[in-house]
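Chains as they are written, first to last, in the UniProt record's numbering: chain U, 1 to 324; chain X, 1 to 365.
One or more of the hints may lead you astray.
Restricting the straight-line Cα-Cα distance to at most 27 Å, the calculated cross-link-like pairs of lysine-lysine (DSSO-like) are [unchecked claim]: (1) Lys-149(X) with Lys-260(X); (2) Lys-113(U) with Lys-264(X); (3) Lys-113(U) with Lys-68(U); (4) Lys-68(U) with Lys-35(X); (5) Lys-30(U) with Lys-113(U); (6) Lys-119(U) with Lys-150(U); (7) Lys-2(X) with Lys-183(X); (8) Lys-160(X) with Lys-173(X); (9) Lys-119(U) with Lys-109(X); (10) Lys-117(X) with Lys-230(X); (11) Lys-227(U) with Lys-109(X); (12) Lys-260(X) with Lys-272(X); (13) Lys-160(X) with Lys-189(X); (14) Lys-227(U) with Lys-284(U); (15) Lys-230(X) with Lys-183(X); (16) Lys-230(U) with Lys-189(X); (17) Lys-230(U) with Lys-109(X); (18) Lys-260(X) with Lys-183(X); (19) Lys-160(X) with Lys-16(X); (20) Lys-160(X) with Lys-183(X); (21) Lys-149(X) with Lys-42(X); (22) Lys-272(X) with Lys-230(X); (23) Lys-227(U) with Lys-117(X); (24) Lys-129(X) with Lys-16(X); (25) Lys-44(U) with Lys-260(X); (26) Lys-113(U) with Lys-272(X); (27) Lys-119(U) with Lys-264(X); (28) Lys-149(X) with Lys-160(X); (29) Lys-173(X) with Lys-189(X); (30) Lys-44(U) with Lys-113(U); (31) Lys-117(X) with Lys-230(U); (32) Lys-230(U) with Lys-2(X); (33) Lys-117(X) with Lys-16(X); (34) Lys-230(X) with Lys-284(U); (35) Lys-47(U) with Lys-272(X); (36) Lys-2(X) with Lys-149(X); (37) Lys-230(U) with Lys-119(X); (38) Lys-68(U) with Lys-44(U).
Treat the hints as calculated values from the structure; they're not laboratory data.
Each chain is listed here by its residues.
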Amino acid sequence: MSVTVGIPRALLYYYYYPQWETFFNRLGVKTLVSRETTRGLLEKGLKSTVDEACLPVKLAVGHVLDLKDRVDYIFLPRIVSTARREYICPKFLGFPDMVRNNIDNLPPLLDYKMDLYRKGSSMYNLFYAVGRYFTRNPARIYMAYQASLKSLHSHYRDMEAGQLPVETGDKHNRKECDVTIAVIGHPYNIYDRYISMNMLKRLRDYGARVVTADNLPEYVLRAEAEKLPKQLFWTLNQRMVGAAFYYFNRPEVDGLIHVASFGCGPDSMTGELIERFARRCSRKPLLSLTIDEHTGEAGMVTRLEAFMDMVRWRLNLDNVAASL
Amino acid sequence: MKIVYPHMGYMWICIKAMLEYLDVEVVVPPPSSKKTLLLGVKHAPEFACMPLKLNLGNFMEAAELGADTMVMAGGCGPCRFGYYAHVEHAILRDLGYQYQLVVLEPPQKHIGELLGKIKHITGHQSWRKVINGIRFGYHKAEAVDELEKTANYCRPREIKPGTTDRALQAALKEVIAADTPEKLPAARKRAFEIMRSVPVDRLRPVLRIGLVGEIYTLLEPFTNQDIERKLGGMGVEVDRSIYLSEWINEHLFLGLVKNKRSSKTAREKAVKYLGHFVGGHGLETVGNTVLYAEQGYDGVIQMLPFTCMPEIVAQSILPRVSTETGIPTMTLIVDEQSGEAGLVTRLEAFVDLLARKKQTGEVLA
Numbered sequence: 001m002s003v004t005v006g007i008p009r010a011l012l013y014y015y016y017y018p019q020w021e022t023f024f025n026r027l028g029v030k031t032l033v034s035r036e037t038t039r040g041l042l043e044k045g046l047k048s049t050v051d052e053a054c055l056p057v058k059l060a061v062g063h064v065l066d067l068k069d070r071v072d073y074i075f076l077p078r079i080v081s082t083a084r085r086e087y088i089c090p091k092f093l094g095f096p097d098m099v100r101n102n103i104d105n106l107p108p109l110l111d112y113k114m115d116l117y118r119k120g121s122s123m124y125n126l127f128y129a130v131g132r133y134f135t136r137n138p139a140r141i142y143m144a145y146q147a148s149l150k151s152l153h154s155h156y157r158d159m160e161a162g163q164l165p166v167e168t169g170d171k172h173n174r175k176e177c178d179v180t181i182a183v184i185g186h187p188y189n190i191y192d193r194y195i196s197m198n199m200l201k202r203l204r205d206y207g208a209r210v211v212t213a214d215n216l217p218e219y220v221l222r223a224e225a226e227k228l229p230k231q232l233f234w235t236l237n238q239r240m241v242g243a244a245f246y247y248f249n250r251p252e253v254d255g256l257i258h259v260a261s262f263g264c265g266p267d268s269m270t271g272e273l274i275e276r277f278a279r280r281c282s283r284k285p286l287l288s289l290t291i292d293e294h295t296g297e298a299g300m301v302t303r304l305e306a307f308m309d310m311v312r313w314r315l316n317l318d319n320v321a322a323s324l
Numbered sequence: 001m002k003i004v005y006p007h008m009g010y011m012w013i014c015i016k017a018m019l020e021y022l023d024v025e026v027v028v029p030p031p032s033s034k035k036t037l038l039l040g041v042k043h044a045p046e047f048a049c050m051p052l053k054l055n056l057g058n059f060m061e062a063a064e065l066g067a068d069t070m071v072m073a074g075g076c077g078p079c080r081f082g083y084y085a086h087v088e089h090a091i092l093r094d095l096g097y098q099y100q101l102v103v104l105e106p107p108q109k110h111i112g113e114l115l116g117k118i119k120h121i122t123g124h125q126s127w128r129k130v131i132n133g134i135r136f137g138y139h140k141a142e143a144v145d146e147l148e149k150t151a152n153y154c155r156p157r158e159i160k161p162g163t164t165d166r167a168l169q170a171a172l173k174e175v176i177a178a179d180t181p182e183k184l185p186a187a188r189k190r191a192f193e194i195m196r197s198v199p200v201d202r203l204r205p206v207l208r209i210g211l212v213g214e215i216y217t218l219l220e221p222f223t224n225q226d227i228e229r230k231l232g233g234m235g236v237e238v239d240r241s242i243y244l245s246e247w248i249n250e251h252l253f254l255g256l257v258k259n260k261r262s263s264k265t266a267r268e269k270a271v272k273y274l275g276h277f278v279g280g281h282g283l284e285t286v287g288n289t290v291l292y293a294e295q296g297y298d299g300v301i302q303m304l305p306f307t308c309m310p311e312i313v314a315q316s317i318l319p320r321v322s323t324e325t326g327i328p329t330m331t332l333i334v335d336e337q338s339g340e341a342g343l344v345t346r347l348e349a350f351v352d353l354l355a356r357k358k359q360t361g362e363v364l365a
């Protein structure tokens with residue numbers, strides 16, 4: 001009899017899902033990813049979370065609830081750190097506990113921690129601990145882990161080649177576009193179609209090519225983030241800041257959109273730094289959007305349209321100036 | 001060089017003593033007030049937590065008094081505080097303030113970085129003198145904490161309302177006035193005599209409430225709207241889970257001073273509900289709530305600034321702790337919008353509830 005492990009379509013799913021799926025499938029375990037976000041799914045999450053939690057956390061709880069009755073286990077790793085001397089965010093550290101203490105009748109949680117904070121630590125600890133649930137054969141776990149790493153790296157390569165997560169066979173980016181917009185935000189905000197109100201597709205419909213931090217190799221992001229007076233200790237925000245600084249200096253990028261969720265702690269700091277950098281060192285238009293469960297679609301559309309108009313206007317202005 | 005550091009409750013007493021002992025010129029910003037907060041709110045990022053906004057206001061107010069070097073603590077996450085100094089500095093620079101920034105934090109490469117910064121502030125005094133200065137500051141923090149603890153004991157039991165607070169202010173003045181380590185023991189003795197002279201009714205029944213939460217909100221009376229005094233006036237004996245000297249001992253001296261309350265027990269108690277540290281005092285908040293329940297306290301109040309990440313994790317776990325241990329808990333979130341009347345109403349309701357629960361408990365027993 002085969003068991004099913006549920007993977008919530010939330011938080012770091014967008015970075016790691018190829019790895020997680022490959023790992024479980026190699027061990028002969030079925031995986032079930034929660035359904036795409038809907039209003040109903042988010043509402044469920046809202047009811048089981050404290051008001052002050054940020055949107056991504058509420059949403060992730062909704063995804064856990066979506067899986068609750070359909071799977072034998074839920075894969076909810078406690079992601080402490082994904083790089084040396086860095087964290088994701090305090091809420092990620094406590095997320096499995098927030099879930100466990102607020103939802104009754106949960107299937108067993110696979111909440112082993114992934115902690116790469118210290119030198120020499122490895123992701124393997126997490127996978128070994130999880131793998132032990134399904135096989136007693138360490139070699140099988142190791143093989144599955146190796147295969148999962150391969151999927152992860154090919155996923156990275158795809159992203160660096162211009163593809164965005166959760167878009168396979170993406171043709172949008174090859175469409176005729178006259179402007180390029182960099183979207184800077186947490187992966188779980190900008191890639192979730194419901195939460196971002198389909199922002200990426202909307203931008204493409206307006207004729208923009210979209211790039212994000214994930215299209216840049218890690219070393220570029222890190223090198224750019226070195227411009228900060230002190231190294232940031234949040235991995236995701238370091239990526240965001242690095243990408244913002246990089247795209248501000250690229251001639252082919254015509255505008256930037258910074259997406260933050262309401263009450264997001266790290267974003268409140270890095271958003272401020274990005275805005276100050278934009279004002280001091282760049283002429284590129286920057287749009288800051290804050291989203292939460294109350295955001296209306298009309299408001300978002302208005303802002304995006306106005307922003308696109310401004311980007312094009314600025315572009316024409318530059319072209320005229322160049323021809324003089 | 002005129003040094004300024006932000007306010008956090010009575011911390012200024014301890015740092016001022018330390019730096020002035022080392023012949024460093026210090027500018028103490030005016031006590032945090034509505035004006036401080038308004039200044040901060042105007043220029044800080046909207047979703048930054050209240051401590052950042054107040055810090056910023058402190059620095060701006062201190063600049064008017066001639067401060068030119070800001071000293072801040074740092075950190076390496078995951079709580080936002082670790083990055084505050086740099087964000088504040090960037091904001092102040094854009095506003096045209098000419099501040100020099102010194103961040104005291106765990107060094108990234110070599111311990112020399114930190115030692116160099118200390119040397120820079122202290123103007124190349126000998127290490128021996130620096131260490132004596134630190135000890136002096138620590139002893140002051142200890143004295144202030146003891147006074148505050150005594151005041152928390154006296155307040156709900158005082159015969160004439162208001163005597164404790166007047167005595168506390170007088171006693172603090174004695175401690176502040178002691179400008180050398182030699183004068184401190186005598187000043188401390190005088191201060192305690194003042195506190196002892198407060199007439200109290202030792203047999204009066206009181207409720208006991210534990211305060212848990214984020215350190216800045218707990219220590220700074222402006223942010224928590226003097227919650228300890230308010231509760232004291234309602235006949236509640238308050239125990240704060242974090243005192244400055246305990247925090248210094250644990251985080252800066254790494255537990256060098258023995259026989260001090262440490263958060264280790266609290267962290268162990270929390271494991272059942274929260275399996276990993278989450279930065280800030282999130283883990284301690286959960287653990288201390290369990291501890292207060294075990295020690296027979298009547299209730300626990302958690303305080304946090306709006307958008308504080310570690311405390312939100314704790315907040316979402318407290319309901320479960322409350323159900324399982326049976327201790328009533330209440331969460332108070334503060335930001336620049338918090339009003340006094342709202343706080344008082346909620347405190348009164350909570351205290352009423354606890355009194356009622358205690359009464360019925362005694363009837364049943």
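Status of each hint after checking the structure:
1. Lys-149(X) with Lys-260(X): holds, 14 Å
2. Lys-113(U) with Lys-264(X): OK: Lys-113(U) and Lys-264(X) at ~22 Å, within 27 Å.
3. Lys-113(U) with Lys-68(U): Holds: Lys-113(U) and Lys-68(U) sit about 21 Å apart, inside 27 Å.
4. Lys-68(U) with Lys-35(X): Violated, at roughly 50 Å.
5. Lys-30(U) with Lys-113(U): Since the Cα atoms of Lys-30(U) and Lys-113(U) sit roughly 21 Å apart, the hinted pair holds (cutoff 27 Å).
6. Lys-119(U) with Lys-150(U): holds, 22 Å
7. Lys-2(X) with Lys-183(X): Holds, at about 25 Å.
8. Lys-160(X) with Lys-173(X): holds, 22 Å
9. Lys-119(U) with Lys-109(X): At roughly 14 Å apart (the allowed maximum being 27 Å), Lys-109(X) and Lys-119(U) satisfy the hint.
10. Lys-117(X) with Lys-230(X): Between Lys-117(X) and Lys-230(X) the Cα gap is close to 40 Å, so the pair fails against 27 Å, i.e. violated.
11. Lys-227(U) with Lys-109(X): holds, 18 Å
12. Lys-260(X) with Lys-272(X): holds, 24 Å
13. Lys-160(X) with Lys-189(X): holds, 24 Å
14. Lys-227(U) with Lys-284(U): The given pair, whose Cα atoms are some 18 Å apart, holds under the 27 Å limit.
15. Lys-230(X) with Lys-183(X): violated, 33 Å
16. Lys-230(U) with Lys-189(X): violated, 45 Å
17. Lys-230(U) with Lys-109(X): Given pair Lys-230(U), Lys-109(X) holds - Cα atoms ~13 Å apart, limit 27 Å.
18. Lys-260(X) with Lys-183(X): holds, 24 Å
19. Lys-160(X) with Lys-16(X): violated, 33 Å
20. Lys-160(X) with Lys-183(X): At roughly 32 Å apart (the allowed maximum being 27 Å), Lys-183(X) and Lys-160(X) break the hint.
21. Lys-149(X) with Lys-42(X): Since the Cα atoms of Lys-149(X) and Lys-42(X) sit roughly 36 Å apart, the hinted pair is violated (cutoff 27 Å).
22. Lys-272(X) with Lys-230(X): It is violated: about 33 Å lies between the C-alpha atoms, which goes past 27 Å.
23. Lys-227(U) with Lys-117(X): Since the Cα atoms of Lys-227(U) and Lys-117(X) sit roughly 22 Å apart, the hinted pair holds (cutoff 27 Å).
24. Lys-129(X) with Lys-16(X): The hint holds at about 15 Å.
25. Lys-44(U) with Lys-260(X): Violated, at roughly 45 Å.
26. Lys-113(U) with Lys-272(X): holds, 16 Å
27. Lys-119(U) with Lys-264(X): holds, 25 Å
28. Lys-149(X) with Lys-160(X): holds, 19 Å
29. Lys-173(X) with Lys-189(X): holds, 13 Å
30. Lys-44(U) with Lys-113(U): holds, 26 Å
31. Lys-117(X) with Lys-230(U): holds, 15 Å
32. Lys-230(U) with Lys-2(X): Roughly 24 Å between the alpha carbons, so the hint for Lys-230(U) and Lys-2(X) holds.
33. Lys-117(X) with Lys-16(X): Holds: Lys-117(X) and Lys-16(X) sit about 17 Å apart, inside 27 Å.
34. Lys-230(X) with Lys-284(U): Status violated; Cα separation ~52 Å.
35. Lys-47(U) with Lys-272(X): Cα-Cα ~24 Å, so holds.
36. Lys-2(X) with Lys-149(X): violated, 33 Å
37. Lys-230(U) with Lys-119(X): holds, 21 Å
38. Lys-68(U) with Lys-44(U): Distance ~12 Å between Lys-68(U) and Lys-44(U) Cα, so the pair holds.
In this structure, the earlier hints numbered 4, 10, 15, 16, 19, 20, 21, 22, 25, 34 and 36 are contradicted, and the remaining ones agree with it.
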